[in-house]
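> Chain by chain, the residues run as shown.
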Amino acid sequence: MTVETKLALSAQEVRSFSQSNNEPKSFADFREAALAKAAELALPTPDKTNITKWNFIDFPIHTVESEGFASLDELPEEVRALIDIEGQENLYIQRNNTPAFIKVSKELVNKGVIFTDIETAIREHSELVEKYFMTTAVKVDEHKLAAYHAALVNGGVFVYVPRNVIVEEPLQVVFVNDNADASLFNHVLVVAEESAAVTYVETYVSTVEEGKGQANIIAEVIAKDNAQITFGAVDVLAKGFTTYVNRRAHIARDAKIDWALGLMNDSDTISENITHLVGDGSAADTKTVVVGRGTQKQNFTTEVRHWGKNSDGQILIHGVMKEAAQSIFNGIGKIEHGATKANAEQESRVLMLSEKARGDANPILLIDEDDVTAGHAASVGRVDPIQLYYLMSRGISKAEAERLVIHGFLAPVVTNLPIEGVKKQLTEVIERKVR
Amino acid sequence: MATLEIKNLHVEIDGKEILKGVNLTINTNEVHAIMGPNGTGKSTLASAIMGHPKYEVTQGEVLLDGENVLEMEVDERAKAGLFLAMQYPSEINGVTNADFLRSAINARREEGDEISLMKFIRELDKTMDFLEMPEEMGQRYLNEGFSGGEKKRNEILQLMMIKPAFAILDEIDSGLDIDALKVVSKGINEMRGEGFGCLMITHYQRLLNYITPDHVHVMMQGKVVKSGGEELAQRLEAEGYDWIKKELGIEDETVEAEA
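One line per chain: the protein sequences are A and B, in this order.
The first sequence maps to residues 1 to 435 in our numbering.
The second sequence maps to residues 1001 to 1259 in our numbering.
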C-alpha cells in the first residue's frame, strides 16, 4: 500500500513556477509528472540510518528573491575569501535561489563551453539539458527525494564541455545562503564530451546561524569516452536544514573522475556519492572528509559501481566525530558480472573525539565477477596515543599534536581541491569545527 | 654544563617490573653507550625517561639539572631539553615533515617570536644536505612510507634541527646499511660538544666504531650491571657477554616480560 504524501506545493503551483521562469512547456510537464511521483514514491533507504521520521518535505517558502551582486566588492567577507578576485576567470555565484553573478572567459565561450545557471540553461539549451537531466546518472523515479527534487528545482548550474575541449582553469561556483527561509533545490549538471577535460569546484556556504528549509541537492556528472572530470565540493550549510545531497557520476570508456568532497554541514545530512564506471578502462578516485559535531545525525554513502572491464575505483572516507554527533559511513565497492580485471579499493576511517560521539564505518564489497581485485581497510578509533607521544616528544603540546593529527587525517581532500581559496576555507572550517 | 641523573628507576609495563633500579648520570659533553643483550630493559629505559604512555614508573627519579622530569608532561620534558630518537617512529599521515619540524621548533619559542620561514627553510635545507637526504623528503608526510633507514635519518634530522641538551638514541643503528649508518653517525658526531650529552642504546658494537663513547654501560635483568670506558665495549665485542654473567653470577640476563 502506498501512502500519498502531502507535498508542500501543488501541481498548479509547480506549473506556474515553471512558467514564471519561462521554461519550455516540456520542462513544466516534466516537473508536474515528477511531483505526482514524489507523492507516491518511497524515501531512499540509506544503510543503517532510519530517516522515515525526517522531514524532507516542508519549507517556509519555495523560492526566495535575493538581490544580485553587481560587483565582487559587494560579496560578504566569507564568500570573497573563497575567490581569487583578480584571477578567477570563470565564476558563478548563486545567492539563495537567485543567480547573482556570472563570469565566463571569452575563450571558453568561443570553444563552445557552456557555463551558466540552470534556469538559463533550461531556457536556452533545453534540448541539451533535457537529454541529460535526470535521465542518465540519477533517475526521476528512483525515490521520493529524487522526484521531489525534479519537481522543485530552483537553482543550480549547467556545464557543458564539447568534444576535445580542455578547460584549463577551474570553474568555480559558490552557493551563498544568507536567508534563513531559503530552500535549496539545486541541480548541477556537468557534461564532458569525448576527450574533454574540466575541473569544477562548488562551495555551499551559509552565513545564517540556522536554516529552516530543505536542501535537496543533486549533481549529475557525465563523462563521455576518454573525458576527465575533477569535481571538488565543500558543503558548509547551517544547522536547521534537512539536507539530502546526491552527487553521482556516469563514466564512459577510458574516462576518469576525481572527487574531492569536504562535507562540513552543520545540518542533519544524508549524502550519497555514487560513481558508475560504465565504460571499459574507466576510473574513479573519490575522496571524502567529514566533521560531525553537536547532535548532528548524518549518513554518508560512497559507492563505486564497476560495469566496465579494467575499471578502477578508489574510495577514501575519513570522518571526525565530536560531541554527540552520529554518523554512518557506508563505503561500497560493487563489481558487476562481466567487469573482468576491475579493481575496487576502499579505506574508511573514523576518528572519535568524544565519548558520546558515534561513528560507524561500514565497508561493503559486492563482487559478481571472479577475475577482479579488491580490498578494503576500515577503522574506528581515537587519536592514537602513540602518535601523540611521538609528536609531544618533540616539544609539541598535546592540543597542537591533536590538531596536527586531525588536520593530517582530513588532508586528503584539502590537498586535492584545485582552488586555493576553497582549500584555505576548508582548512579554516575544519579548524573551527574540531576546536 | 647540564646533568641528567637517573636514580633508582623502577618501571613496569602491564604490571610487570622491567627496570629494577637503574642508576646513571650523564653530563653534557659526554657520550654514553648502553649495551646489552635483547630483553634486558634498554629500550624501556629510553621510553620511560621520555614518558611513553605504556610505561609506569613505580620508583625513582630522573633529574635534569635537579628537576624531576618524571613529573612533567612529555612535551615539557622535550622543552626542558630531552630528545628521544625512537626505535619505531610513528607515521603521521597528512602532516609534512617540514610543517612538523617547524611546529616543533616554534613550540620552544615564545608566541610572536616564531622562526621565520626563510630561516627555517635555509636551516632545513642545510641539515638535510648534511644528512644526504633528498629535498623532497621535507614535503613528504612524516615518516609515512619511509624505509627503515629513512626513518632513522629523519630522527637525526629532527635531533639536529631541535638541538636538545640530551639525546637518547634508541637502537638508532638497528637495521641500517653501512652507508646510512655512516650518515647517521656523522650527524651525531656533529652534535657532540659542550652543550650536548648523549645516551646511545644498542645491541651492536659496530655503532661504536663510528661514534666513540666516553662511557659504556651494560644492562642485564633491568639494571646497569657494569660500567667502563671504551675498552669495555671492545671486550664485549671480542668475548661477548658471558664473562660478565659469570662474574656476576647471572644465569638468565633477560627481564621476563620483555623476552
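Derived by calculation from the structure, the hints in this document are not laboratory data.
Where a beta carbon is used, it is the ideal one built from N, C-alpha and C, also for glycine.
Where hints are given, some of them may not hold.
As the list claims (entries may be wrong) - What follows is a list of derived Cβ distance ranges for each label pair:
id, chain 1, residue 1, chain 2, residue 2, range
1, A, GLU194, B, GLU1136, 48 to 56 Å
2, A, ARG382, B, THR1058, 45 to 53 Å
3, A, GLY375, B, MET1118, 52 to 60 Å
4, A, GLU169, B, MET1118, 49 to 57 Å
5, A, ALA377, B, GLU1073, 26 to 34 Å
6, A, PRO162, B, ASP1113, 55 to 63 Å
7, B, ASP1113, A, ASP58, 50 to 58 Å
8, B, GLU1123, A, THR427, 23 to 31 Å
9, B, PHE1130, A, GLY375, 14 to 22 Å
10, A, PRO385, B, ASP1113, 29 to 37 Å
11, A, ARG382, B, GLU1110, 49 to 57 Å
> State for each hint whether it applies.
Evaluation of the provided hints:
1. GLU194(A) with GLU1136(B): 48 to 56 Å: violated, 36 Å
2. ARG382(A) with THR1058(B): 45 to 53 Å: violated, 26 Å
3. GLY375(A) with MET1118(B): 52 to 60 Å: Because 44 Å falls outside the window, the suggested range is violated.
4. GLU169(A) with MET1118(B): 49 to 57 Å: Between GLU169(A) and MET1118(B), where Cβ atoms are some 31 Å apart, the hint is violated.
5. ALA377(A) with GLU1073(B): 26 to 34 Å: Since ALA377(A) and GLU1073(B) have Cβ atoms about 32 Å apart, the given range 26 to 34 Å holds.
6. PRO162(A) with ASP1113(B): 55 to 63 Å: With a Cβ separation near 56 Å, PRO162(A) and ASP1113(B) satisfy 55 to 63 Å, so the hint holds.
7. ASP1113(B) with ASP58(A): 50 to 58 Å: With a Cβ separation near 56 Å, ASP1113(B) and ASP58(A) satisfy 50 to 58 Å, so the hint holds.
8. GLU1123(B) with THR427(A): 23 to 31 Å: Holds, since GLU1123(B) and THR427(A) (Cβ atoms, about 26 Å apart) stay within the stated range.
9. PHE1130(B) with GLY375(A): 14 to 22 Å: At 40 Å between Cβs, range violated.
10. PRO385(A) with ASP1113(B): 29 to 37 Å: holds, 30 Å
11. ARG382(A) with GLU1110(B): 49 to 57 Å: violated, 31 Å
Consistency with the previously given hints fails for numbers 1, 2, 3, 4, 9, 11, ordered from lowest to highest.
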